Amino acid sequence: MTDRVTLTARPTATDMEPAVRRSESPWRSAFRRLRRNRGAMAGLYLVLVLVAVAVMADSLSPYDPIRVTPDAALQAPSGKYLLGTDLLGRDILSRLIHGARISLRVGLVSVGIAAMAGTTLGLLAGFYGRWLDLVVMRLIDLMLAFPNVLLALAIIAILGPSIFNLMIAVGISATPGYARLVRGSVLSAKENVYVEAAVAVGATDGLIIWRHILPNVLAPIIILATLGMAGAILTGAALSFLGLGVQPPTPEWGTMLSDGRNYLRKAWWITTFPGLAIMMTVLAINMLGDGLRDALDPRLKT
Amino acid sequence: MLQYLVKRLLAAVPVLLGISVAVFLMMHLVPGDPAKMMLGELAVQKEAIDNLRRQLGLDDPIPVQYWRFLRGALRGDLGRSVLENQPVARMIWQALPSTIELTLAGLGIAIALGFILGVTAAVRQNSWVDNASMVVALWGVSMPSFWMGLLLIFLFSLKLGWLPATGQGGLERLLMPAFTLGYVASAVIARLVRSSMLEVLRQDYVRTARAKGLADRLVIYRHALKNALIPVVTVLGLQFGALLGGAVVIETVFSRPGIGRLAVTSILSKDFQVTQGTVLMSAVFYTLVNIAVDFSYAFLDPRIRYD
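Top line first, the protein sequences correspond to chains A and B.
Heads up: the first sequence begins at 77 in this note's numbering, then just goes up one per residue.
Heads up: the second sequence begins at 23 in this note's numbering, then just goes up one per residue.
Worth flagging that the hints you see were computed from the coordinates, not collected in a lab.
Everything numeric in this text was worked out from a predicted model, so none of it was measured.
No false leads were mixed into what you were given.
Capping the alpha-carbon separation at 35 Å, the derived lysine-lysine pairs in DSBU-like fashion look like this: (1) Lys29/B <-> Lys266/A; (2) Lys181/B <-> Lys342/A; (3) Lys156/A <-> Lys181/B; (4) Lys68/B <-> Lys58/B.
Here are the simulated distance ranges between beta carbons: (5) Leu290/B <-> Leu294/A: 35 to 45 Å; (6) Leu184/A <-> Gln67/B: 35 to 45 Å; (7) Lys234/B <-> Val127/A: 52 to 62 Å; (8) Pro186/B <-> Ser101/A: 54 to 64 Å; (9) Asp99/B <-> Pro146/A: 42 to 52 Å; (10) Pro85/B <-> Asp140/A: 47 to 57 Å.
So, partial list: chain A residues that the calculated Cβ filter (under 8 Å) puts toward chain B: (11) Asp217; (12) Asn224; (13) Ala306; (14) Gly319; (15) Arg337; (16) Thr347.
Yeah, the Cβ is synthetic: ideal placement off N, Cα and C, and Gly gets one too.
Input sequences plus hints: build the corresponding full structure.
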């Protein structure tokens, strides 16, 4: 954490504050722009619904998502089983609802790992420069030499397939993107006069990074993290589909699709609904992410 | 130019060495004994473990092991598959054509589709055509490729009976996997082509060309597209990596005997040296493609200096 005592050592900033306060904060105006963007708002509402479903999964799902009922195997959608059942007689709807939990968790945790590791690496490289920059950037280059999915595959090969290792693998393979982005932003933020001023008044490195550099790189990180979340959910589902991620009997959308692969003709519902679920989730997050990018960084808008 | 070429190739040497170290270390990053892990349930006999350890040379010092690994890899020796009992290099060599065929076809479809969508959208910015193209592109980024593959199989193989669902060989077995792979990648290209085109269309020389009375088509294809290509080419290398990763999934969906399929099955069966081999080859291949992209970039944009 930052040193509280040095907080008093910024008289120039306090003098200027009233003038700054009067105009709208960039975050507020970004939010205003976001609210006007219909696609982004649709995405946001969909994501909120999804989160609600994930949180209330236990009370929402009509059946136990894991319990095997051989008598009810491969039932078509009906009043009893709204979206049908799979090969083991498990209710697709209940598995779908619980799957939302898994997918969101995979997305959140992997993006969290990537954003935290990448931001730390990028801050260190950009702020301290010199040999640290050299070492970090060579490491990043090396990671980027592997095609993304193959890096995740290699990590899973080392650690073994499981939901936990899946999140680590997807997180690590997404780290270089954040590191590069943050490093670039730090390099340009460092040029600002107020950073120079903060150095001049003797602020500690931690304080400068926390109060002056980080707020500058926050917007691009948020954009990348939102869009990255869509990608992480997609990759997570793909690896689980291959049997390298979430393991049965956990209800996960990618694994559900893989379960139904051989029953495309006989039981279309097994693959169709989880496929739709993945697509809608990723689409919603992508729309929100696109909207966030337009709202937070108007220069990027074409 | 030649100097730039040599420089770029030399710069790739440390990256390739880094790749080899990372792939070599995979074996040693396995928690516990890698020999035990590879044997799985068979690992009850201590003798079997010791045998495999000796065969893999795991008891030598790490630098000695790395040197052996590197020397082997440079000579085309990537170890042996425990499961198939044949050289890993041969397995990769057999799987390579299938993957190259798939990724090249996918890349072709991605570029064609991406350019059509991107250019149409840019030329009629903010019209319904623009919106529709971008919805198609957004759809592409959000579509899980494995589901799309299954949908195509359902429609064209099971319902219509037009195309074989799985396997390798012939155009009819390439069409669906290549389209699945290409469609997803085309979305990224389409968005980039659109924004790059919009940028270029605002330039003075485009206005001049229009003012001269040149036909719209000529202005767009002769003047604008050429320069709009430049930022697109830089991401083609990245896209190639995405396609290689995508091939892992697509090859499983369509049961194609390629590198991706080999990588997945080897991880599932813990045939570790095969995994190492596939990862190593993919990374080396990817690095070489990126060098090629850099060269073509330099050719395309005369503003780039080679020193």
